[in-house]
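*Asks:* Sequence:
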Amino acid sequence: MTGETSFLRLQARTQRFTLGTPRGFWVAPDGSRVLFLRSASGTEARNSLWSLDVATGTETALVDPVTVLGDDEQLPPEERARRERARISAAGVVAYTPDDEGRIAVFTLSGKLFVLDIGSGGIRELPTVGPVIDPRPDPTGSRVAYVSDGALRVIDVDGGNDRVLAAPENGDTENVAWGLAEFIAAEEMDRNRGYWWSPDGTRILAARSDRTGVRRWHIADPANPDRPANSVAYPAAGTNNTEVSLAVLGLDGSVTTVDWDNAELPYLASVHWSAHGPALFAVQSRDQRRMLVLAVADSGATTVAQELTDPHWVDIVPGAPAWTPDGRLVTVAAREGAYRLLVDGEPVTGIDLQVRSVLDVAADDVLFTASTEDPTQVHVFSAKDSGVTRVSDSDGVHGAVRSGEVTVLISWSLARSGPNTSVLAAGKPVAEVASLAVSPELEPNLTMLTVGERHLRCALVLPTGHQPGSVKLPVLLDPYGGPHAQRVLASRNAYLTPQWLADQGFAVLITDGRGTPGRGPDWDRALAFDLAEVTLADQVDALHAVAERHPDLDLDRVAIRGWSYGGYLSALAVLRRPDVIHAAVAGAPVTEWRLYDTHYTERYLGHPDEKPEVYDRNSLLGDAEGLRRPLLLIHGLVDDNVFAAHTLRLSTALLNAGREHNVLPLSGVTHMGPSDEAAAENFMLLQLNWIKQALPTP
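If you're matching positions, the sequence shown starts at 1 in our numbering and goes up one per residue.
Hints in this document: simulated from the structure, not taken from any laboratory.
Quick reminder that beta carbons are idealized off the backbone N, C-alpha and C, glycines included.
Treat the hints loosely; a few may be bogus.
Stated by the list, open to error - What follows is a list of derived Cβ distance ranges for each label pair:
#1 450 with 472: 21 to 27 Å
#2 297 with 425: 36 to 42 Å
#3 652 with 450: 38 to 44 Å
#4 697 with 217: 42 to 48 Å
Please model the entire structure based on the sequences and the hints provided.
*Replies:* Written as structure tokens, this is what we have:
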């Protein structure tokens, strides 16, 4: 392994320098301890469960997966699917749930259910009828609910009495499941749960999902033709969604159907059930222009707590809706050009903040994250009746977890690699949670820019030690560039791979165009019905504006690379702007939006039956004859998010048009890309060498 390639191996081995960072925090109600997940080192992929004593700052490992289970961890298929949706590639304890008072915590290893006595540290396995998915104790810590083979079950912590609360009718586990988030919820709505305990632990609000009407797509493994194809219920744009309904299941065997019009409002976006009011859930219409927040009565009847509408779409915001302890409703909605925090429908934040998530709702305040005029930074704020104050006091990207007087503040910045995690008591730092992540010997040569009439945020990364005027540099655009994901952030870790690419002789430019988070509803909605032209125009405009300030950028040699939406944008750029973009690497690209899922695609492009011209305009297949520049298409063959059909259909269109191009199929690779160290290293080197050969000779 040469010095040049050692960074790539290390990046793969450390899962992009995330291993060893603490995550998954939970704060005890009395503030005495903080639980969290962390691997034993920056190169160890297995997470352990840890406890921090807030008073002393002492860290103690409570659960070591190797000690509990050994080295051989085998995941049930349902758990593998859940982790793919959540983009979890770590092993060991990847999730845990304590009861309300923190007496026990439950977790799974290899589909087996384990209970940790947090006080004594004792661990024992509970005997279950099958592989366990998403175990959660009731608030009292007496019972644990879990999903197995499509059924929602409850087992006693002490007696081991395991019984079914709800199961697929007639054993139809192929189509019906209780208590699990369906594909659309997990992939697009950030809802990874399918059931919720009542505050007193006597009932469960459970989702029933029925995939009977969803079209089946099939994923084969051409490298292993002896294996059967995997059948996937995939709701492509314009086709049937999974049908979702709700019921309240009593531990006494009672079943109460929740009354809501799931034909008119089919998307179950979020659920909240606390002691401060009846169960709440938010549902969306298929076109996402209407959202109802519904409160559930004991009879199963629902009343509208709030209705939100928007001419384009209503956003789902993490942590909302929720009740305050005095029974007021907390939501987030687009108002006067800003995402504003609402309490009982009244804004409590101004138009200077773009609220991103609700973190905690307490008696005297609401803790939330938001961006101000600088979208590259995300801060933690507290909203009280007296006004809004900022909790995070340094530049960067911040998040928090809170219970009572103790807050865990997680902070990323440009000043260092990895997070700084502080424990605050009554607002004062009292302890820190150590990060064991590897710190790469790589310091980004970074310039943060705001350019053009749209004030596009850009990050320009130049080779280490580059002297202005010394040499003209080919440009490598490295965007995501679409909705939901933000690349230009005040966090050093965001620029480690771009710096490696820059050190191979490029000026790397990353631009967040319209639709990327942090800029407000008008910014987001600018790309409605026009993903292609709007997002591509922002990349081209940013390139030209940055080059005016930095004449070392050689506009006669411009390449672009990207993955997922970034892959779509890369192929789009080389097809429609060959005058500007001279080569493209398109990884896992969406090439035909009729092949992508309902919730994401129809939000931006409408229903394909109603707006076929919009889908045609944003598809890449009709542009095949226009290819004049080198294009490399890359796709994982077992990708169940953006299917390989996207790349294969574009390749077929290019072949039929007589346009030369390259295709790299990745056997056994999902949407998360190659994970093996050697494959990940060579994957990057191949792209790099291909780009160098594809760009014009200076």
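*Asks:* Run every hint past the structure and note whether it holds.
*Replies:* Status of the hints after comparison with the structure:
| no. | hint | result |
| --- | --- | --- |
| 1 | 450 with 472: 21 to 27 Å | 24 Å, holds |
| 2 | 297 with 425: 36 to 42 Å | 39 Å, holds |
| 3 | 652 with 450: 38 to 44 Å | 41 Å, holds |
| 4 | 697 with 217: 42 to 48 Å | 43 Å, holds |
The structure agrees with every numbered hint stated previously.
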